[in-house]
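Chains as they are written, first to last, in this note's numbering: chain U, 2 to 310; chain P, 10 to 58.
Because the hints were derived from the structure by calculation, they are not lab data.
In this text, all values refer to a predicted model and were calculated from it rather than measured experimentally.
Each residue gets a CB set at the ideal place from its N, CA and C atoms; glycine is no exception.
There is no bait here: all hints are sound.
Computed Cβ-Cβ distance ranges for the label pairs, DEER-style:
{"id": "1", "chain 1": "P", "residue 1": "Val-42", "chain 2": "U", "residue 2": "Asp-203", "range": "19 to 29 Å"}
{"id": "2", "chain 1": "U", "residue 1": "Pro-91", "chain 2": "P", "residue 2": "Ala-29", "range": "25 to 35 Å"}
{"id": "3", "chain 1": "U", "residue 1": "Asp-39", "chain 2": "P", "residue 2": "Ala-46", "range": "34 to 44 Å"}
{"id": "4", "chain 1": "U", "residue 1": "Gly-140", "chain 2": "P", "residue 2": "Glu-49", "range": "29 to 39 Å"}
{"id": "5", "chain 1": "U", "residue 1": "Asp-203", "chain 2": "P", "residue 2": "Pro-41", "range": "19 to 29 Å"}
{"id": "6", "chain 1": "P", "residue 1": "Ala-45", "chain 2": "U", "residue 2": "Glu-66", "range": "19 to 29 Å"}
{"id": "7", "chain 1": "P", "residue 1": "Val-38", "chain 2": "U", "residue 2": "Thr-252", "range": "32 to 42 Å"}
Rough simulated footprint, nothing fancy, chain P against chain U, three-plus residues with beta-carbon under 8 Å:
{"id": "8", "region": "17 to 25"}
{"id": "9", "region": "63 to 70"}
{"id": "10", "region": "73 to 85"}
{"id": "11", "region": "271 to 282"}
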Amino acid sequence: MDLSVELCGLRLEHPVLNGSGTFDAIAAQRAFGTALLDEFPFSAFVSKTITPEPRIGNPPPRIFETPSGMINSIGLPNKGLSGFVDQDLPLLAELPVPLAVSVMGTSHREFASLVEGVEGHAEVAALELNVSCPNVESGLIIGQQPEETLALIRALRPRTEKPLIVKLTPNVAEPVTVARAAEEGGADAVSLVNTLAAVAIDPGTLDAWLGAGSGGLSGPAIRAFALGQVREVAAAVSIPVIGMGGIESGTHALAFLAAGATAVAVGTANFRDPLAGNRVRAELEAALREAGADSLSAVRGRIAASTST
Amino acid sequence: MEAPMACGFGACFGCAVPLADGGYLRLCVDGPVVNAAAIETALVPGSGH
Chain U
2 MDLSVELCGL RLEHPVLNGS GTFDAIAAQR AFGTALLDEF PFSAFVSKTI TPEPRIGNPP
62 PRIFETPSGM INSIGLPNKG LSGFVDQDLP LLAELPVPLA VSVMGTSHRE FASLVEGVEG
122 HAEVAALELN VSCPNVESGL IIGQQPEETL ALIRALRPRT EKPLIVKLTP NVAEPVTVAR
182 AAEEGGADAV SLVNTLAAVA IDPGTLDAWL GAGSGGLSGP AIRAFALGQV REVAAAVSIP
242 VIGMGGIESG THALAFLAAG ATAVAVGTAN FRDPLAGNRV RAELEAALRE AGADSLSAVR
302 GRIAASTST
Chain P
10 MEAPMACGFG ACFGCAVPLA DGGYLRLCVD GPVVNAAAIE TALVPGSGH
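Let the sequences and hints guide you as you build the complete structure.
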């Protein structure tokens, strides 16, 4: 069955991507060999989030296991823009699929420097904007404010012709207003959900378990919630939606597509099984057949218009 | 050493152990046996320091 999708002008072989920060293509090759490239699990690769300057990440512990999920507070350790461009980009350019680079800044100027830093690199097919961070100028988390989101995308849009994907935070009252602001600003797609704000308490000390105090919940625990936000957003915007949140099987992927997503991403499941993407894709095809559908377009958005919230 | 670990192959950066001269190593790919002198034990959770 033809599972190809068009996403922001990119022709992808199938709709299964990775969530940013959940699959390290370079570490995976080091651990599992170059055979990984022959059966690369995603139709496009989304990098870890890059910041202008290097970051070492948050103090440990960084991970807490929950029922059907995990909380992480990794803290975006990365080599910074120039380290990424010099060391990682040449390796990621060898991947057999288009590359989307995830970037995060704390001001329009920082975001602009990141966009301009990769703009001249043809191997970068798209940019994903991680807006789950405070704008140092306003103190507000960009992705929690429609006005901040609109202003940021408007500022970045003229600086690149590459597709801009806005990664939405679920930690808002109305994801739709932020998604609409992203669309109005000129975003080519939105991806959701990022992790849900979460805390774990050490039962012995009653202090926060995580070194950074709090973190983000991911995994199957958030799947039903994510599906709800994806459906809401997909019904409200006309740009494509990349749906994610606890996807572990083809049936899960199909549910997000039925909720209106154009593509889906596998995240936390990659930690347990780096080839989970391949399984999800194979199962998706089987799930489509079982649902009596002969194409992705036959199911996409099926539940979006017919039901109310 | 031990640390909570999501992936076990260097991808998630979850099993960070603080180094004495700054930064972190990943216990899954750089451990589990580490040079004690290189570790900032005061920052290791549960180390009692």
